[in-house]
Amino acid sequence: MFTIVNREEMAEGTVILNEIEAPRIASRAKPGQFVILKANEEGERIPLTMAETDPQKGTITIIYMVVGKSTALFKTLQVGEAYQDVIGPLGKPTTVEKVGNIVCVGGGTGIAVMHPITRALKDAGNHVTAILGARSKDLLILEEKMAAASHELLITTDDGSYGRKGFVTDALKDVLDKGDTQMVVAIGPVPMMKFVSKLTSEYQVKTIVSLNPIMVDGTGMCGGCRVTIGGKTKFACVDGPEFDGHQVDYDELMLRIQAYCEDEKRCFEDYCMLKPDYAR
Amino acid sequence: MAGQAAKKEKTPRLKMPEQEPHVRARNFHEVPLGLTAEMAIEEAGRCLQCKKPACVPGCPVGIDIPGFINLIREGEFTQSIRKLWEKNSLPAVCGRVCPQEIQCEGLCIVGKKGEPVAIGNLERFAADQERAHGTGELPPRAKPNGKKVAVVGSGPSGLTVAGDLIVKGYDVTILEAFHKPGGVLVYGIPEFRLPKAIVAQEINFLERLGVKVECNAVVGRTVSVDELFEEEGYDAVYIGVGAGLPRFMNIPGENLIGILSANEYLTRANLMKAYLFPEVDTPIPIGKNVVVLGAGNVAMDAARTAMRLGADKVRIVYRRSRDEMPARTAEIHHAEEEGIEFFLLTNPTRYFGNEQGRLTGMECLKMELGEPDDSGRRRPVPMEGSEFSLDCDLCVVAVGSGANPLLTQSTKDMQLNKWGYIDADLETGKTRKKGVWAGGDIVTGAATVILAMGAGRKAADSIDQYLSWGW
Ligand SMILES: Cc1cc2nc3c(=O)[nH]c(=O)nc-3n(C[C@H](O)[C@H](O)[C@H](O)COP(=O)(O)OP(=O)(O)OC[C@H]3O[C@@H](n4cnc5c(N)ncnc54)[C@H](O)[C@@H]3O)c2cc1C
Ligand SMILES: Cc1cc2nc3c(=O)[nH]c(=O)nc-3n(C[C@H](O)[C@H](O)[C@H](O)COP(=O)(O)OP(=O)(O)OC[C@H]3O[C@@H](n4cnc5c(N)ncnc54)[C@H](O)[C@@H]3O)c2cc1C
Ligand code: SF4
Ligand code: SF4
Ligand code: FES
Numbered sequence: 001m002f003t004i005v006n007r008e009e010m011a012e013g014t015v016i017l018n019e020i021e022a023p024r025i026a027s028r029a030k031p032g033q034f035v036i037l038k039a040n041e042e043g044e045r046i047p048l049t050m051a052e053t054d055p056q057k058g059t060i061t062i063i064y065m066v067v068g069k070s071t072a073l074f075k076t077l078q079v080g081e082a083y084q085d086v087i088g089p090l091g092k093p094t095t096v097e098k099v100g101n102i103v104c105v106g107g108g109t110g111i112a113v114m115h116p117i118t119r120a121l122k123d124a125g126n127h128v129t130a131i132l133g134a135r136s137k138d139l140l141i142l143e144e145k146m147a148a149a150s151h152e153l154l155i156t157t158d159d160g161s162y163g164r165k166g167f168v169t170d171a172l173k174d175v176l177d178k179g180d181t182q183m184v185v186a187i188g189p190v191p192m193m194k195f196v197s198k199l200t201s202e203y204q205v206k207t208i209v210s211l212n213p214i215m216v217d218g219t220g221m222c223g224g225c226r227v228t229i230g231g232k233t234k235f236a237c238v239d240g241p242e243f244d245g246h247q248v249d250y251d252e253l254m255l256r257i258q259a260y261c262e263d264e265k266r267c268f269e270d271y272c273m274l275k276p277d278y279a280r
Numbered sequence: 001m002a003g004q005a006a007k008k009e010k011t012p013r014l015k016m017p018e019q020e021p022h023v024r025a026r027n028f029h030e031v032p033l034g035l036t037a038e039m040a041i042e043e044a045g046r047c048l049q050c051k052k053p054a055c056v057p058g059c060p061v062g063i064d065i066p067g068f069i070n071l072i073r074e075g076e077f078t079q080s081i082r083k084l085w086e087k088n089s090l091p092a093v094c095g096r097v098c099p100q101e102i103q104c105e106g107l108c109i110v111g112k113k114g115e116p117v118a119i120g121n122l123e124r125f126a127a128d129q130e131r132a133h134g135t136g137e138l139p140p141r142a143k144p145n146g147k148k149v150a151v152v153g154s155g156p157s158g159l160t161v162a163g164d165l166i167v168k169g170y171d172v173t174i175l176e177a178f179h180k181p182g183g184v185l186v187y188g189i190p191e192f193r194l195p196k197a198i199v200a201q202e203i204n205f206l207e208r209l210g211v212k213v214e215c216n217a218v219v220g221r222t223v224s225v226d227e228l229f230e231e232e233g234y235d236a237v238y239i240g241v242g243a244g245l246p247r248f249m250n251i252p253g254e255n256l257i258g259i260l261s262a263n264e265y266l267t268r269a270n271l272m273k274a275y276l277f278p279e280v281d282t283p284i285p286i287g288k289n290v291v292v293l294g295a296g297n298v299a300m301d302a303a304r305t306a307m308r309l310g311a312d313k314v315r316i317v318y319r320r321s322r323d324e325m326p327a328r329t330a331e332i333h334h335a336e337e338e339g340i341e342f343f344l345l346t347n348p349t350r351y352f353g354n355e356q357g358r359l360t361g362m363e364c365l366k367m368e369l370g371e372p373d374d375s376g377r378r379r380p381v382p383m384e385g386s387e388f389s390l391d392c393d394l395c396v397v398a399v400g401s402g403a404n405p406l407l408t409q410s411t412k413d414m415q416l417n418k419w420g421y422i423d424a425d426l427e428t429g430k431t432r433k434k435g436v437w438a439g440g441d442i443v444t445g446a447a448t449v450i451l452a453m454g455a456g457r458k459a460a461d462s463i464d465q466y467l468s469w470g471w
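Keeping their order, the protein sequence lines are chains S and H.
Take the first sequence: its letter number 170 is residue 170 in our numbering, and every next letter is one higher.
Take the second sequence: its letter number 354 is residue 354 in our numbering, and every next letter is one higher.
Hint data in this document are derived by calculation from the structure and do not stem from the laboratory.
Remember, predicted model here, so these are calculated numbers, not experimental data.
All the given hints hold, so there is nothing to weed out.
DSS-like mimics (lysine-lysine), calculated; alpha carbons at most 27 Å apart, straight line:
#1 S:LYS92 <-> H:LYS412
#2 S:LYS92 <-> H:LYS180
#3 H:LYS180 <-> S:LYS75
#4 S:LYS194 <-> S:LYS137
#5 S:LYS265 <-> H:LYS273
Chain H regions said to be covered by chain S (calculated; three or more residues, Cβ under 8 Å):
#6 217-228
#7 400-410
Derived, one-sided and incomplete: chain S residues facing chain H with beta-carbon distance under 10 Å:
#8 ILE25
#9 LEU73
#10 ILE87
#11 ASP217
#12 CYS222
#13 ARG226
#14 VAL227
#15 GLU264
Built from N, CA and C at the ideal position, the CB exists for glycine as well.
All chains, full assembly: derive it from the sequences and hints.
This is how it looks when you write it as structure tokens:
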């Protein structure tokens, strides 16, 4: 059992933080790696990236958006309660090197995934500019932590309720126009990563993205997480989740993550009818 | 003796009662229903109790076949299971899934002129009898010797090593990547062929003997083999991680939605119990018109699962002919009875999809058999201009599996062969790395339950020698 020792609700309860006891994982995890969690016997195996690890305390922190049945179920878990299974650390860690000026672009809960990577890149001696995007001010997460993890912080909101009105790509374009960016890291919804990669390829700036296809085992055993990178099939759970953004077939990924949409919706609706107060 | 053979052969082999094909094709309950005590005694009577039994060399673990069968004939069921346990710790599993027709039963003398003695069914009977009516008494266990052994992977080979070493007094821990132990026995082979309660009971038995089972431990990620020695104080490590790497066809359109590896499809169905969705949370694609590529046990399991999940039509597409199909004869027969169609000498060349990226069909080529290849089987060669298309909305790719590199690549000094399998001595399971043994599918490539168990038994003996005397 993997007990929750701390829990926070962010972005009006649509984003939840859990700090979980998992000493073995905490002692080995590196930025960019993820875990797979299963709440109970009937539960689904859900991959989530570690936003923080504390090897001394033996805990890991995950931050997730409530989007369907499983994340809604996770939301019901309170401090002192436990996940039945937590498996990890999975995936390849981010390659952290000194390359110069780096822009870290995070959108939605991608910001949580981005935070430890940003901090590690800064600690490695890079000059880091962070660009965070959210639909509106209330949905923006981890602003203070990202400010501390970077040298410069730019914020955009779709509705203009905070920071600059527009998309992260608008802010990114201005930074790229200065001409001194060596690398971009973009983590967020697939369309965001797609448009960031499109923009940076025009500037020929190396871009790393973190992909989130549907997964089952997370160990390279099922092939459910396959993505096309530079025309070749890769398994995101073992070959990734980070890839060269300019090589990713985003359209295929966008379709593949919809594979179970109808079924999931049915499952989620059944669940909401049974336990109306749990869903949002 | 010859006269006796002639007399006995007249008793026909007892057919195991089964669920009717049209009923079972839509449920997940076990297909064969098992023998009653009377039936088992009658079938046991067909064994000639050969002085030099032809069947025994056919069993990879050398079970005393006439011995256990004679005890059934005498109604000594408890003694019979004891006899089986001497060589095989998972008889309830092997009785159900061994390819008997090419092993023990394939060599049975009675089979020369008629149908062989139903050795597998009798083995299953003895084990089921024990599960239902046995005392559950534990075998004697040697005094703890203070030495720690880690077993990586909880498939049949790992379970065998754990069972053998725990009774010899070792402190044994199984480390399993999945959230549930059992390997292919739980995530691959379906409920209707091997009820999961049987596997759970076997594992519970090991736990009662003192084996510790640690799930969610992905060796190579959560902990490395070297750390097991250096940080966790193990004296020996056995690697039985199976052949968990799905093979695809590498033809255009393979990443369309609706094309799954058999590993993914069966894991969703069995381990995650997705056939109960939405009562459980893991979904599984429901195909109306399903194609399964391949003709091994895995393909039969996938095809029969698709039928049970409500398909209208399930077709097996296989590039060789009927004679080369690697599945157990019984499973091919069961699949046919359940209405699964076979497209033999047929090979897919590309998939078709719609705008939503979903599979709608595939193009296939007809094949003919040419010269024998490395495997000694006649190589299928495409017939020019024979393209045709098949409609389907779900395709399960069951064309074999390879070595998963997750553990082996993260372990220093691990010697692999050219296909990525671990290089281990087949007699002892010893690898080139000090203190490390390996066996089962990760050494031989995808094989059988009983061969994986046989490898486990040899490795357990070798580990015992090494830790007792240092060699
Ligand atoms: C490596 C990786 C890291 C991730 N990290 C985070 C994170 O830090 N924070 C976060 O909020 N989300 C993260 N995700 C996404 C998260 O796993 C999904 O949001 C979650 O699985 C949704 O499950 P659900 O049942 O609540 O929603 P559902 O209703 O099941 O599905 C909603 C959408 O979630 C995706 N999804 C569903 N099941 C799975 C699955 N088994 N594996 C992957 N995706 C699935 C699909 O795209 C689906 O359309 C990550 C995904 C991956 C692969
Ligand atoms: C669908 C299907 C049907 C089959 N039908 C038959 C049949 O009818 N008859 C027959 O004789 N054989 C059959 N087989 C083959 C047989 O099941 C295998 O040969 C046998 O299970 C191999 O045993 P094993 O112990 O080597 O590995 P497995 O059973 O594959 O077990 C390996 C275990 O190791 C775990 N593991 C993997 N990597 C790691 C890691 N890094 N750390 C920790 N744990 C890890 C896996 O999760 C798994 O639980 C079938 C196989 C399949 C897939
Ligand atoms: S273990 Fe398999 S091969 Fe050996 S006797 Fe039993 S069924 Fe036959
Ligand atoms: S099973 Fe067949 S070969 Fe074996 S002892 Fe009996 S009759 Fe002889
Ligand atoms: S999740 Fe199964 S191979 Fe990646």
